[in-house]
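J.: Chain by chain, the residues run as shown.
4 protein chains.
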Amino acid sequence: MEKIRVGVMGATGYAGQQLTALLARHPGVDIAYLSSNTYAGKNFDQVYPQYRNLIGNKLISKHEAMERMDDVDLIYTALPSGAVFEVAEAAVRSDKRLIDLSADFRLEDSAAYEFWYKREHEAFGLMDQVAYGLPELGRERIKEARIIANPGCYCTAGILAVAPLLKHDDLIDPFSVIIDAKSGITGAGRKAEISLLLAEAGDSVKAYNIASHRHTPEIEQELSKAYGDKLNITFTPHLMPMKRGILATCYINTRTFCSDDDIYEIYGRFYSNSDFVRVRRELVETRYVNYTNFCDISIKVDIRARRIIVTSALDNLIKGAAGQAVQNMNIMFGFDETAGLSGQMPLVP
Amino acid sequence: MEKIRVGVMGATGYAGQQLTALLARHPGVDIAYLSSNTYAGKNFDQVYPQYRNLIGNKLISKHEAMERMDDVDLIYTALPSGAVFEVAEAAVRSDKRLIDLSADFRLEDSAAYEFWYKREHEAFGLMDQVAYGLPELGRERIKEARIIANPGCYCTAGILAVAPLLKHDDLIDPFSVIIDAKSGITGAGRKAEISLLLAEAGDSVKAYNIASHRHTPEIEQELSKAYGDKLNITFTPHLMPMKRGILATCYINTRTFCSDDDIYEIYGRFYSNSDFVRVRRELVETRYVNYTNFCDISIKVDIRARRIIVTSALDNLIKGAAGQAVQNMNIMFGFDETAGLSGQMPLVP
Amino acid sequence: MEKIRVGVMGATGYAGQQLTALLARHPGVDIAYLSSNTYAGKNFDQVYPQYRNLIGNKLISKHEAMERMDDVDLIYTALPSGAVFEVAEAAVRSDKRLIDLSADFRLEDSAAYEFWYKREHEAFGLMDQVAYGLPELGRERIKEARIIANPGCYCTAGILAVAPLLKHDDLIDPFSVIIDAKSGITGAGRKAEISLLLAEAGDSVKAYNIASHRHTPEIEQELSKAYGDKLNITFTPHLMPMKRGILATCYINTRTFCSDDDIYEIYGRFYSNSDFVRVRRELVETRYVNYTNFCDISIKVDIRARRIIVTSALDNLIKGAAGQAVQNMNIMFGFDETAGLSGQMPLVP
Amino acid sequence: MEKIRVGVMGATGYAGQQLTALLARHPGVDIAYLSSNTYAGKNFDQVYPQYRNLIGNKLISKHEAMERMDDVDLIYTALPSGAVFEVAEAAVRSDKRLIDLSADFRLEDSAAYEFWYKREHEAFGLMDQVAYGLPELGRERIKEARIIANPGCYCTAGILAVAPLLKHDDLIDPFSVIIDAKSGITGAGRKAEISLLLAEAGDSVKAYNIASHRHTPEIEQELSKAYGDKLNITFTPHLMPMKRGILATCYINTRTFCSDDDIYEIYGRFYSNSDFVRVRRELVETRYVNYTNFCDISIKVDIRARRIIVTSALDNLIKGAAGQAVQNMNIMFGFDETAGLSGQMPLVP
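Residue numbers (this note's numbering), protein chains in the order written: chain A, 1 to 349; chain B, 350 to 698; chain C, 699 to 1047; chain D, 1048 to 1396.
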């Protein structure tokens, strides 16, 4: 396997760190550089001591990373939303490919971006070179795009759970979708905030950003595409007292009687070519997918109340971020789609 | 305050233990006996060493407890469902009052009991002497009933969250109710099961008993009463990696535009006489109610998707079980409704 | 009971918050004011929403609190070390009593204070009016002192565990004491630091400040007094993935054969008049003391290796801070020593 | 790499499961069979649903596994202590090699085995074909032995932490060793016990089996070998509210002044050829080694109290069990010592 050279900008946030760890053992990758504005000058394993003897790269600044754009075939950006526009412009000018883990290129409607992210979109001209990086919903565009908008963690869980049903509007009401999602606390990022302390967030649950979370328009955009017309959904995120993992419990009204088997057949067919989606009969749990790139899905029809309840589980930092970003790279560069992603066994009891 | 004498049957399950602790410091109560079939012959503080020097009662058998029925004014049963029928028959014969923390007298329809609990109802003749013990929805019946069916933990969280809306079917669609509830693991009881081990249930979330949990008919019964006609709802319980607390996220479709303020006004009025319900503007968290008898409620209208999202939080073992059982006793025996329940400050950071 | 008026300076740190909650239901106390430099102007229940409807006091600044010194009989300071000197000077001038939860008056040797705390002691002239506030080792001085130096959390656990042995230097070697202590994360204070996040500190343990923790000289000072001569000890603190509680495992070499019973007799006698120390035969666990003012102690002689292993457990925020501060107030003002401290039942399963 | 065939007996305990997961991706291994008496007849991924699509082997009974001894080059036993004797006899008869994760062949003194394990040693005749499988203390015997006694988890942490010092009895007192160890709850095995429930063991710490834990004689045996004479040590195990990881805090008295650097030099030299021991300057944390085969060690001299404090951290299920068992296999069969063990990146934040 001929190796490609990649650079990671924003290597010391949680997603960037996981990405770096996955890339470090990917058989087709050489890491050219890692950048971190907060920790530039330190070594990666000083910030994350678990990587001692494993990943010793010196962290460079964002500025330096941009100057070294020619050293790489692919740039990963795990930067805050709003910080990727200039990198993307430069990457396209240099004819480099970019996988962006932020939200900067996820929304195809610039007004929506501005409404939800409270800032202008500074590189909207690039949108026609962008593919939304959810491989299970379409690998073709990903192969050819210059820029991949790597999906949000909640979005991946919600979209994979609901999308298979939307073409079946004889069975279900596409306008009834509710996604109630529960996330581990790494989803909030590596921020020194009182509310994220073990002493505060431990042993407690809460909903937050009800009816106002930024992943809402992203989920709506992709589910609207899957349906074929504009949908609004309700999305409620919750914070769990655990480190990682997302469970999405999704509710869709049925229009007619259907059995568990009917729905399982739809999902089985929809994901028959997707190694990383496991449609399963027993109920999903986040511990079964943590540290892996799997998204597990199970289904139950509530016949009495006439609803389908789909639960999906994934690791917010792997399939919800870094793992999916590697999966997208594999597709873009012709590697096996599972390259570098199958070694991480789910060792958790 | 003249004291009443109470006996607790089933004092060593989680709910029974909490109840015992609350009764031990209630100014109007003398504990006549504690029973436990599993631990009969031991002292209470041998089973729960935290009560050393505090609660030393010797545990007696269920059989012995029934023989000592005349020693008490009130019997609490924190026994498994199905085990209370004979106790209730005996209590009524002896003209004693009973507060039952099991599900044996919660469903007013014997067929529903048999369907959901897979056993016959052996004391259905007593049902006209039973009141459903949710004080916030009606204290009058509780005052006079011989038997109180103390509500299920999920039911308390779900009913208190949704009931205030149901008379407003100009505003909302009563048939659209979905309750997505998240519970700490004590809700599963004190059972030696692999799936409840820290090594298994820690750091992970899952849904369980989807569309089939036994609290469903109980919630439907009470919400149907509040609405005035038969409702079906969807109820999904989830297990959280924490010891205690329930968060219920409830979804109700609106029929017309309404603002947060409109809905807050309805809830404020509904609970204006209820000390233990705190309707609050900021979002609820289970840590704010744990170890107390409060149920906190907050509201958000999802204008885009035309739904109201109500979140409620309570301690599954206090307001969801033992605390509510004390509150019911207070009402039955003319104590102040908060007696014995206000001392437990929420010390949790 | 005639009430005293108290003010709390630093009411919004973890210890200050717990103290406020305990005082709010103490039958002999009126809270005159609560101060918080960080949150001055807000209400207490805005900072800690669990106290809604319970503690609504408006928080004032430190400056304002000092101006209102004449309103109170007793001032509590739960301020950072170094910030209490001026308060203490003013309190003594105004003939008010002070219970200080910081370390500012714990060390009787000003050089030691300067060495360990890296700052000058600015009020050393007050030291003869200070009592070290560990009631189990001497209530007399506490009764009369103007200023109480409320002990550190680790110190309380370590000193109570070891002190009873030190007069028995025929049995044990006083110079062999090792204290290996494990603390919940509230012990680190309410600080927005990456290392205290649930995502970092959860599910992991570490030692920290080995051979250099500031509680070392404090433990040595009190154990030296108990022994009658200057001792050095080894003290190692550890951080646990839990909210509260300290377990101290203490090692002392024996000089001669002794049995568990021999040692239990010594401890039983030593603590025979101390309601808050439970010397117990079964091994201690932090969950048995959390939310209470108890310190549990158990003993095991390692006959093969000729050591005594004493384990003690307490709640770092109650017996290790706020509860002990209330206990000291009770002694100073002639209340029952357990007043305001017995209501908080250990409800934890 | 020519593959060897291995069988795992006891594949569904925590250690057996981890071992199976490691073997499943080891480049030099074919899994011939997995046995489990509890779950015989089920598939491995029915017991551990996280392995769906990864490890689907049907579990066979212990009896069947013994009949298929000729199918394999190597047998792993992750059975309860006492259950391995007959397997070992059969393996030696069949000229197969055996790596035993139980304690059955760890103690070289049959009287000690009988005293600590309360049963007779039924295969003591095999002891001269056994090597204690701690590679860092001697790889030669491991290479040639027929049977490997894979060390206990606590033993690995304690022995690796203390052994390097024992040849230096000019510097330290070998008779002063105290090991205070803190373990995640998987160390207790996969047992349905009340005390291991999340509701009980969560958010709490305790010491257990003080001065009587079965790993004590094993640690003493190996440290005595390292020293050259018989030592007694004190070992205290503690249970932490976390899934995995051991931190051992070890205390050794110094006889003379020595600095951190002096001791670091000794350890650096001792482990210079050991890839899996990371001697490090910053303090160790269990999260830095979890899911890996590393043992991290750091050192601090307590000059005031004249002791060395060594802390070591490892994953009780990997370096403390399954990973070490793979490492031993690698040595026995001429694979690279890190084969199959380096892929598991420590992804934990």
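Be a bit skeptical, because a hint or two may be false.
30 angstroms max Cα-Cα, derived DSSO-like pairs, lysine-lysine [to be verified]:
#1 K923(C) <-> K841(C)
#2 K1277(D) <-> K1165(D)
#3 K1272(D) <-> K1050(D)
#4 K1109(D) <-> K391(B)
#5 K701(C) <-> K816(C)
#6 K540(B) <-> K300(A)
#7 K445(B) <-> K649(B)
#8 K391(B) <-> K1190(D)
#9 K118(A) <-> K42(A)
#10 K300(A) <-> K118(A)
#11 K3(A) <-> K118(A)
#12 K998(C) <-> K1190(D)
#13 K1214(D) <-> K1109(D)
#14 K649(B) <-> K998(C)
#15 K300(A) <-> K574(B)
#16 K1105(D) <-> K1238(D)
#17 K889(C) <-> K1347(D)
#18 K467(B) <-> K1190(D)
#19 K540(B) <-> K1238(D)
#20 K998(C) <-> K1105(D)
#21 K1214(D) <-> K1272(D)
#22 K841(C) <-> K118(A)
#23 K1109(D) <-> K816(C)
#24 K1214(D) <-> K300(A)
#25 K816(C) <-> K42(A)
#26 K391(B) <-> K300(A)
#27 K467(B) <-> K516(B)
#28 K1214(D) <-> K1165(D)
#29 K191(A) <-> K62(A)
#30 K1277(D) <-> K1214(D)
#31 K1165(D) <-> K300(A)
#32 K889(C) <-> K865(C)
#33 K865(C) <-> K816(C)
#34 K3(A) <-> K1272(D)
#35 K1109(D) <-> K998(C)
Just so you know, the hints here were simulated from the structure itself, not pulled from any lab data.
J.: Each hint needs a verdict: does it hold in this structure or not?
T.: Hints, one by one, checked against the model:
For the proposed pair K923(C) and K841(C), the alpha carbon gap of about 19 angstroms is at most 30 angstroms, so the pair holds. A hinted pair counts as satisfied when its Cα atoms are at most 30 angstroms apart, and K1277(D) with K1165(D) qualifies at roughly 22 angstroms. With a C-alpha separation of about 35 angstroms, the suggested pairing of K1272(D) with K1050(D) is violated against the 30 angstroms cut-off. A threshold of 30 angstroms between alpha carbons decides the hint, and for K1109(D) with K391(B) the separation of about 40 angstroms lies outside it, so the pair is violated.
Distance hint between K701(C) and K816(C) is unfulfilled; the C-alpha atoms sit about 40 angstroms from each other, more than 30 angstroms. For the given pair, K540(B) sits about 27 angstroms from K300(A) by alpha-carbon distance, which is consistent with the 30 angstroms threshold. This hinted pair does not check out: K445(B) and K649(B) have alpha carbons roughly 45 angstroms apart, beyond 30 angstroms. Note on K391(B) and K1190(D): the hinted pairing is violated, with a Cα-Cα distance of about 55 angstroms set against a maximum of 30 angstroms.
Taking the CA atoms of K118(A) and K42(A), the gap is about 33 angstroms. The hint is violated against a cut of 30 angstroms. Between K300(A) and K118(A), the direct Cα distance comes to roughly 38 angstroms. Violation of the 30 angstroms bound is thereby established for this hinted pair. A threshold of 30 angstroms between alpha carbons decides the hint, and for K3(A) with K118(A) the separation of about 40 angstroms lies outside it, so the pair is violated. Between K998(C) and K1190(D), the direct Cα distance comes to roughly 41 angstroms. Violation of the 30 angstroms bound is thereby established for this hinted pair.
Proximity of K1214(D) to K1109(D) is assessed by CA-CA distance (about 43 angstroms); at most 30 angstroms being required, the pair is judged violated. With a C-alpha separation of about 57 angstroms, the suggested pair K649(B) and K998(C) falls outside the 30 angstroms cut-off, and the hint is violated. Taking the CA atoms of K300(A) and K574(B), the gap is near 28 angstroms; set against the 30 angstroms cutoff, the hint holds. Using a Cα cut-off of 30 angstroms, the hinted pair K1105(D) and K1238(D) holds, with the two alpha carbons roughly 22 angstroms apart.
Restraint check for K889(C) and K1347(D): the C-alpha separation of about 27 angstroms stays at or below 30 angstroms, so the hint holds. In summary, the hint linking K467(B) to K1190(D) is not supported, as the alpha carbons are separated by about 61 angstroms, beyond the 30 angstroms threshold. Our distance criterion of 30 angstroms between C-alpha atoms is met by K540(B) and K1238(D), whose separation comes to about 12 angstroms. Between K998(C) and K1105(D) the alpha-carbon distance is near 47 angstroms, which puts this suggested pair outside the 30 angstroms criterion.
A threshold of 30 angstroms between alpha carbons decides the hint, and for K1214(D) with K1272(D) the separation of about 10 angstroms falls inside it, so the pair holds. Distance hint between K841(C) and K118(A) is unfulfilled; the C-alpha atoms sit about 61 angstroms from each other, more than 30 angstroms. Between K1109(D) and K816(C) the CA atoms are separated by roughly 64 angstroms; this puts the pair beyond 30 angstroms, and the hint is violated. Taking the CA atoms of K1214(D) and K300(A), the gap is about 65 angstroms. The hint is violated against a cut of 30 angstroms.
Simply put, K816(C) and K42(A) have alpha-carbon atoms about 29 angstroms apart, close enough for the 30 angstroms limit, and the pair holds. For the given pair, K391(B) sits about 45 angstroms from K300(A) by alpha-carbon distance, which is inconsistent with the 30 angstroms threshold. With a C-alpha separation of about 33 angstroms, the suggested pairing of K467(B) with K516(B) is violated against the 30 angstroms cut-off. A C-alpha spacing of about 33 angstroms is found between K1214(D) and K1165(D), which places the hinted pair above 30 angstroms, so the restraint is violated.
Simply put, K191(A) and K62(A) have alpha-carbon atoms about 19 angstroms apart, close enough for the 30 angstroms limit, and the pair holds. At roughly 13 angstroms between alpha-carbon atoms, K1277(D) and K1214(D) fall within 30 angstroms of each other, so this suggested pair holds. For a cut-off of 30 angstroms, the pair hint linking K1165(D) to K300(A) is broken: about 51 angstroms separates their Cα positions. Simply put, K889(C) and K865(C) have alpha-carbon atoms about 40 angstroms apart, too far for the 30 angstroms limit, and the pair is violated.
Taking the CA atoms of K865(C) and K816(C), the gap is near 33 angstroms; set against the 30 angstroms cutoff, the hint is violated. Restraint check for K3(A) and K1272(D): the C-alpha separation of about 49 angstroms exceeds 30 angstroms, so the hint is violated. Under the criterion of a C-alpha separation no larger than 30 angstroms, the hint pairing K1109(D) with K998(C) is inconsistent with the structure, at around 40 angstroms.
In terms of the numbered hints stated before, the structure departs from hints 3, 4, 5, 7, 8, 9, 10, 11, 12, 13, 14, 18, 20, 22, 23, 24, 26, 27, 28, 31, 32, 33, 34 and 35, listed from lowest to highest.
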